[in-house]
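Chain residues, written in single-letter form:
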Amino acid sequence: MTELRYLAPDTLDEAVGAFAKAGSAARILAGGTDLLVQMRSGVLTPGVIVDIKKIPEMMGIEQTADGGFRVGAAVSGMALAEHKSFGKVWPGVLEAVNLIGSKQVQGRASAGGNLCNGSPAGDSVPAMVAAGAIVTVQGPDGRREMKVEDFPAGPGRTNLKPGEIMVSFTLPPRPPGSSDAYLRMIPRTEMDIAVVGVGVSLTIKDGTVTSARVGLGAVAPTVLLVEDAAKALIGSKLDDAALAKAASACSAACRPIDDKRGTIAYRTKVAGVLLKRTAAIAAKRATQKN
Amino acid sequence: MAKVHVTTSINGEPMEFLCEPSDTMLDALRGPLALTGSKEGCASGDCGACSITLDDRLICSCLMLAVEAQDHEIGTIEGMAQGDKLHPLQQKFLEVAALQCGICTSGMLVASDALLKKNPEPSEEEVRFWLAGNLCRCTGYDKIVRAVMETAAEMRAQ
Chain H
62 MTELRYLAPD TLDEAVGAFA KAGSAARILA GGTDLLVQMR SGVLTPGVIV DIKKIPEMMG
122 IEQTADGGFR VGAAVSGMAL AEHKSFGKVW PGVLEAVNLI GSKQVQGRAS AGGNLCNGSP
182 AGDSVPAMVA AGAIVTVQGP DGRREMKVED FPAGPGRTNL KPGEIMVSFT LPPRPPGSSD
242 AYLRMIPRTE MDIAVVGVGV SLTIKDGTVT SARVGLGAVA PTVLLVEDAA KALIGSKLDD
302 AALAKAASAC SAACRPIDDK RGTIAYRTKV AGVLLKRTAA IAAKRATQKN
Chain Z
78 MAKVHVTTSI NGEPMEFLCE PSDTMLDALR GPLALTGSKE GCASGDCGAC SITLDDRLIC
138 SCLMLAVEAQ DHEIGTIEGM AQGDKLHPLQ QKFLEVAALQ CGICTSGMLV ASDALLKKNP
198 EPSEEEVRFW LAGNLCRCTG YDKIVRAVME TAAEMRAQ
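Line by line, the protein sequences are chains H and Z. Following our numbering, the numbering of the first sequence begins with 62 at its first residue and continues without gaps. Following our numbering, the numbering of the second sequence begins with 78 at its first residue and continues without gaps.
The reader is advised that the hints may include incorrect statements.
Reference excerpt, derived from the structure (chain Z facing chain H, CB under 7 Å, subset only) [unchecked claim]:
1) Ser86
2) Gly89
3) Phe94
4) Pro98
5) Ser99
6) Gly114
7) Gly118
8) Ala120
9) Ser128
10) Leu135
11) Ile136
12) Leu140
13) Val144
14) Trp207
It should be emphasised that the hints constitute simulated quantities derived from the structure, not laboratory data. Ideal Cβ positions, reconstructed from N, Cα and C, are used throughout, including at glycine.
Here chain H stands alone, though its shape is the one from the complex (with noise of 0.2 Å):
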């Protein structure tokens, strides 16, 4: 077995710095929750892990000057549950870090790493394409930023460069009468991976719906933003026309695998059917006097 170096910087230059040199035989370490399985089983043997919670812009949640929110990629979904009020500007974001694993996984796992893991069914990851993030990363040539829907290249593959780190979710203004919601199936209650999950956010003005986006995961190789979905509902009341419309615009997009977890047909069907009823919670949400 090969020695194993475990570094924990302070800032963010120096772990960009010692990444970037490790190549790739480095590793990322922030919840760790698929870091250590995958050492564990031997599918992974990294030379270096970089552990980026010492770095404070990794482990912050901020409202920024415009009113949204800014997310490190470190942080861990319970720390997210306790913030006092971003869960209640974006309770659809919420539900779905908190679905990931136990309540043992969340005090370390984080929405940060269930993207850079790269599975088309992380179920943080369809919340945060409807809620628009933008994700910041850093690597040698300096900071970028890209859309969230643009971050996933594959089944385990993303789009992050060699030495490139991501370093938060940047999450937009919230206008009065806004909200989202996040539903997934599994065949069990609880501690499962998403056969279907949908993310949708609304805003809605005296009961028309006047902007949505639309996230579907575990549909298709990467998580997908449902563009013909999103157009679907705005404009409209949230009639059965336009949900029906729109629930067809989601399985059409559907390009999924068939395996134990659910057949074509039946994830095609079902990611529709979770379309009418996360865009019926959402409404309810968006429309609740605060």
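With the hints as your guide, set chain Z onto chain H.
Just chain Z now, with coordinates in the frame of chain H:
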């Protein structure tokens, strides 16, 4: 290779230990620290038998590197009883026979304690969801859930 020297706090006591960089916190607890109350069930974060707290947050010690304990506070099952006096959850688990083989029990207790500190009045559904990451292959869970509910009620009454 050189071992790493880690300074930490375990159950409120300052502690030091040596570990390999790839050792998990569970390896360190059961090895150099000789705190064998935390059990290894799956070593992949599925069973919860190794549950501990890290800065008061419930985690699986098999999913944490031992070197990460540096300057943090660890809580284990060994910190639950006060001397010879059992924690109310421990007492109740005995009274209602909420354990059989015992492998899951310390994890169940640490997880239940973390729940009651956060939410002193959980519903049965909340208890069941909170303990979804703790697997028990003996009891069928009913007695465990009942023990947590009854303890919560008694602790609230005090």
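Evaluated hints:
1. Ser86: violated, 17 Å
2. Gly89: At about 19 Å, which exceeds the 7 Å cut-off, the nearest Cβ of chain H leaves the hint on Z:Gly89 violated.
3. Phe94: Violated - the Cβ of Z:Phe94 stays beyond 7 Å from chain H, reaching only about 15 Å at its closest.
4. Pro98: holds, 4 Å
5. Ser99: holds, 5 Å
6. Gly114: Hint violated; Z:Gly114 Cβ to chain H Cβ min 16 Å, cut 7 Å.
7. Gly118: violated, 12 Å
8. Ala120: holds, 6 Å
9. Ser128: holds, 6 Å
10. Leu135: Since chain H brings a Cβ to about 5 Å from Z:Leu135, closer than 7 Å, the hint holds.
11. Ile136: holds, 4 Å
12. Leu140: Interface hint status for Z:Leu140: holds (5 Å vs cutoff 7 Å).
13. Val144: holds, 5 Å
14. Trp207: The hint holds - Z:Trp207 has a Cβ within 7 Å of chain H, the shortest such distance being about 6 Å.
Comparing the model with each numbered hint stated earlier shows that hints 1, 2, 3, 6 and 7 do not hold.
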